[in-house]
Amino acid sequence: VNLSQSPEASNSHLPHRFCSSSSTWRTPLQNSLLPLCRQLLKDPQVLFAGYKVPHPLEHKIIIRVQTTPDYSPQEAFTNAITDLISELSLLEKRFRVSSFVGLNCGR
Numbered sequence: 001v002n003l004s005q006s007p008e009a010s011n012s013h014l015p016h017r018f019c020s021s022s023s024t025w026r027t028p029l030q031n032s033l034l035p036l037c038r039q040l041l042k043d044p045q046v047l048f049a050g051y052k053v054p055h056p057l058e059h060k061i062i063i064r065v066q067t068t069p070d071y072s073p074q075e076a077f078t079n080a081i082t083d084l085i086s087e088l089s090l091l092e093k094r095f096r097v098s099s100f101v102g103l104n105c106g107r
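First residue of the sequence shown: 1, per UniProt numbering; consecutive thereafter.
A hint or two may mislead.
[Said to hold, decoys possible] Below 20 Å or equal to it, Euclidean Cα-Cα: the simulated SDA-like pairs (lysine to any residue) are:
| id | residue 1 | residue 2 |
| --- | --- | --- |
| 1 | Lys42 | Asp70 |
| 2 | Lys42 | Thr24 |
| 3 | Lys42 | Ser21 |
| 4 | Lys42 | Thr68 |
| 5 | Lys42 | Ser12 |
| 6 | Lys42 | Ser72 |
| 7 | Lys60 | Leu34 |
| 8 | Lys52 | Gln39 |
| 9 | Lys52 | Ile62 |
| 10 | Lys42 | Asp83 |
| 11 | Lys60 | Pro15 |
| 12 | Lys60 | Gly50 |
| 13 | Lys42 | Ser86 |
| 14 | Lys60 | Ser89 |
| 15 | Lys42 | Ser89 |
| 16 | Lys60 | Pro44 |
| 17 | Lys52 | His16 |
| 18 | Lys52 | Gln66 |
| 19 | Lys52 | His13 |
| 20 | Lys60 | Ser12 |
| 21 | Lys93 | Asp70 |
| 22 | Lys52 | Asp70 |
| 23 | Lys60 | Glu92 |
| 24 | Lys42 | Leu91 |
No lab work stands behind these hints, which were simulated from the structure alone.
All figures in this text were calculated on a predicted structure; none of them were measured in a lab.
Take these sequences, add in the hints, and give me the full structure.
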């Protein structure tokens, strides 16, 4: 999942047939899935978030998100991506500041 993309920009979005608060996304395999699922599960309105790799030789994954009835899976997915981007930006900023401070300590 490219974290700069919305869920609608993924390869395919499949709402659940019987449960409007559940959706599935099929997308190319990426390394950023575990943090995304963990971020989704931090949201108290997300009841389930998980992914599976249908076959090891296919570079595709399936992500499933189920939320409370008053909160859409698309909104949860978008919020999780936005929150991850914010956390990564903060981490990068802190790293740059600590690197700069570390470089100036040797003088």
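Margin query: What's the verdict on Lys42 and Asp83, does the C-alpha distance respect the 20 Å limit or exceed it?
Written below: Within the cut-off at roughly 10 Å; holds.
Next item on the list: Starting from Lys42, check that the Cα of Asp70 is at most 20 Å away, please.
Entry: holds, 17 Å
Next item on the list: Starting from Lys42, check that the Cα of Ser12 is at most 20 Å away, please.
Entry: violated, 24 Å
Item checked: Agreement of Lys60 and Leu34 with the hint, judged by alpha carbon distance not exceeding 20 Å -> holds, 15 Å
Margin query: Need the status of pair Lys52, His16: alpha-carbon distance at most 20 Å?
Written below: holds, 16 Å
Check: Is it true that the CA of Lys42 sits at most 20 Å from the CA of Ser21?
Finding: Distance of about 17 Å is within 20 Å: holds.
Notebook entry, point to check: Is the Cα-Cα distance between Lys60 and Pro15 20 Å or less?
Noted result: At roughly 18 Å apart (the allowed maximum being 20 Å), Pro15 and Lys60 satisfy the hint.
Notebook entry, point to check: Do the alpha carbons of Lys60 and Gly50 lie within 20 Å of each other, as the hint requires?
Noted result: holds, 14 Å
Check: Are Lys60 and Pro44 close enough, with their CA atoms no more than 20 Å apart?
Finding: Violated, at about 28 Å.
Margin query: Run the distance test for Lys52 versus Ile62: straight-line Cα separation, threshold 20 Å.
Written below: holds, 5 Å
Check: Do the alpha carbons of Lys42 and Ser89 lie within 20 Å of each other, as the hint requires?
Finding: holds, 18 Å
Item checked: Hinted pair Lys93 and Asp70, Cα distance within 20 Å -> Since the Cα atoms of Lys93 and Asp70 sit roughly 35 Å apart, the hinted pair is violated (cutoff 20 Å).
Against the hints set out earlier in the document, violations occur for numbers 5, 14, 16, 21, 22, 23.
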